[in-house]
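2 protein chains.
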Amino acid sequence: MVIECVPNVSEGRRPEIVAAMADAIRAIDGVRLLDHSFDTSHNRSVFTLAGDAAGVERAVLALVERATADIDLRTHRGEHPRMGAVDVVPFVPIEGVTMAECVALARRVGSEIAARFNVPVYLYEEASNNPARKNLEDIRRGEFEGLAVKMASEGWTPDFGPAAPHPSAGATVVGARMPLIAYNINLATNRLDVAKKIAAGIRHSSGGYRYVKAMGIMLEDRGIVQVSMNLTNYEQTPIFRVFETVKREAARYGVQVLESEIVGLVPSAALNAAAEFYLQIEGFKADQVLENKLHR
Amino acid sequence: MVIECVPNVSEGRRPEIVAAMADAIRAIDGVRLLDHSFDTSHNRSVFTLAGDAAGVERAVLALVERATADIDLRTHRGEHPRMGAVDVVPFVPIEGVTMAECVALARRVGSEIAARFNVPVYLYEEASNNPARKNLEDIRRGEFEGLAVKMASEGWTPDFGPAAPHPSAGATVVGARMPLIAYNINLATNRLDVAKKIAAGIRHSSGGYRYVKAMGIMLEDRGIVQVSMNLTNYEQTPIFRVFETVKREAARYGVQVLESEIVGLVPSAALNAAAEFYLQIEGFKADQVLENKLHR
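Protein sequence lines, in the order shown, are assigned to chains H and X. Numbering-wise, this note's numbering comes out as the position in the first sequence, counting from 1, plus 3. Numbering-wise, this note's numbering comes out as the position in the second sequence, counting from 1, plus 3.
Watch out, some of these pointers could steer you wrong.
It does not matter which identical chain is used: a pair holds within one copy or between any two.
What the hints assert, rightly or not - Straight-line C-alpha distance at most 27 Å; calculated BS3-like pairs for lysine-lysine: (1) K200 to K216; (2) K250 to K199; (3) K288 to K216; (4) K296 to K216.
Worth flagging that the hints you see were computed from the coordinates, not collected in a lab. On a predicted model such as this, the values are computed, not experimentally measured, just so you know.
Generate coordinates for the entire structure from the input sequences, incorporating the hints supplied.
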């Protein structure tokens with residue numbers, strides 16, 4: 004069983020604090036720290052870890068312990084919105100594990116965080132049954148500074164823990180979601196309006212594909228524009244369909260796709276689906292991939 | 004380090020003998036038997052195993068020991084050409100291992116087979132330096148029945164072992180090659196001439212791509228034709244290029260591609276290359292695949 008977990012922590016300016024959190028994760032059995040990075044302007048770190056349910060649970064609790072001791076949101080400044088020292092903890096099913104098991108894990112870990120560290124916890128995405136509290140942006144709106152007022156208002160009692168923010172660590176959002184793919188398509192034009200129109204056409208919020216978030220941006224140094232996307236469920240909204248739609252919409256403006264890029268990690272199954280689609284492969288099974296067979 | 008090895012053995016009619024050979028492989032540490040199958044009309048078995056160099060070496064020697072004891076080519080009949088009890092032993096680089104290391108392994112194992120079992124060994128493909136003895140079909144021409152005469156003729160001294168066939172076990176061909184992909188493209192027509200013309204156009208032997216073997220065949224039960232292929236080096240001659248060429252050539256005859264199929268195993272990198280090509284992904288690296296990162 005492999006579960007990925009990608010905690011986002013509100014510290015990106017003191018490398019020694021980030022390193023101490025990474026060490027706290029590395030000290031745990033049954034989990035591997037695959038990657039970690041921090042961003043000074045966001046003042047935020049992202050850890051990518053993977054392991055079995057027990058391993059990622061222990062690692063997250065160790066991380067929250069360190070973060071709660073070392074981070075004080077009352078003095079934290081940064082560009083990225085945040086409401087907690089450990090701001091968001093998503094669990095992601097990768098191999099030999101269902102979404103339902105990741106939801107159960109998110110609830111267990113959320114409950115433990117509240118019980119051990121007295122930090123209120125909101126569930127989100129698949130782990131939340133409340134339609135108004137599925138979307139991370141909705142839960143985080145108002146940020147740490149607005150949290151005490153928000154928590155006292157109707158509908159914002161947390162899922163676990165105290166009904167008011169932790170004085171220095173705020174509140175933590177815990178949940179389960181599909182792997183997220185950061186995917187960009189660069190267009191052979193400097194017309195930002197074209198990228199923005201295409202983004203509006205494909206994103207869920209304005210009538211596009213259900214699991215696409217998109218915006219059009221200018222890549223100043225290259226003099227071209229980009230449709231910058233997050234694909235939040237590659238099974239339901241596959242990469243190839245998004246790519247083909249962007250290509251077709253661009254053609255409408257006489258614009259060609261220059262290239263695309265995947266930022267960070269991508270599940271093998273998301274790439275295989277593209278190969279199957281374009282090569283018209285019928286009856287393909289995941290266990291035909293040599294590496295899948297090897298590692299099973 | 005992962006090396007795949009796919010020994011072909013001249014026994015496909017006595018299940019208990021095939022099972023005993025599979026057990027001999029399973030008893031070895033450092034190697035896994037991923038798959039095995041036998042064909043009664045061919046009277047032949049194919050074993051797929053994977054492990055490190057020492058593991059696959061021990062497994063192959065254990066297999067040769069059993070096969071030499073149990074198989075007598077003097078009474079062996081079957082449709083598939085063969086010259087040895089263990090007929091062919093290819094080593095295939097999969098992960099963390101170079102072709103040069105697989106060549107060295109093939110030579111070591113070939114020398115051991117000759118020394119321990121008194122079976123003459125021919126090297127082939129990447130393990131052979133002799134242009135006339137790279138191609139398996141050239142080495143095997145004449146089969147077991149013609150082997151004594153062939154071995155006595157100029158240019159056919161084996162690479163290892165005695166200058167005459169083993170009385171019951173013949174000779175064994177050992178070498179190193181890239182993973183082979185069995186790939187078929189079905190056309191929406193019953194015109195066998197179209198499939199044959201396309202096959203002739205893309206295969207190496209008649210001027211096509213260097214690492215493609217192809218033939219046009221009729222799928223009688225479905226009333227359609229197929230371009231049936233072996234892709235012998237997916238890095239040098241990638242799947243997507245072959246697919247696009249077949250599609251274009253079919254269009255020349257007013258014929259469409261119905262679907263394609265991958266038979267058996269395919270390396271993840273071969274599918275990723277197709278995704279990269281069609282999605283125009285720039286700067287993609289294998290360690291962006293989540294599973295590659297996990298299993299490293």
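Okay, the hints, checked on the actual structure:
1. Taking identical chains as interchangeable, the C-alpha atoms of K200 and K216 lie at most 27 Å apart only when both belong to the same chain, with a minimum of 13 Å there against 47 Å between chains.
2. In this assembly of identical chains, the alpha carbons of K250 and K199 lie at most 27 Å apart only when taken from the same copy (14 Å versus 35 Å across copies).
3. Taking the closest pair of Cα atoms, K288 and K216 come within 27 Å of each other only across two copies (24 Å); inside a single copy the shortest separation is 29 Å, beyond that limit.
4. For the identical chains of this complex, K296 and K216 are inter-copy neighbours only, at 26 Å across copies versus 34 Å inside a copy, given an alpha-carbon limit of 27 Å.
Violated hints for the displayed structure: none, as all numbered hints are satisfied.
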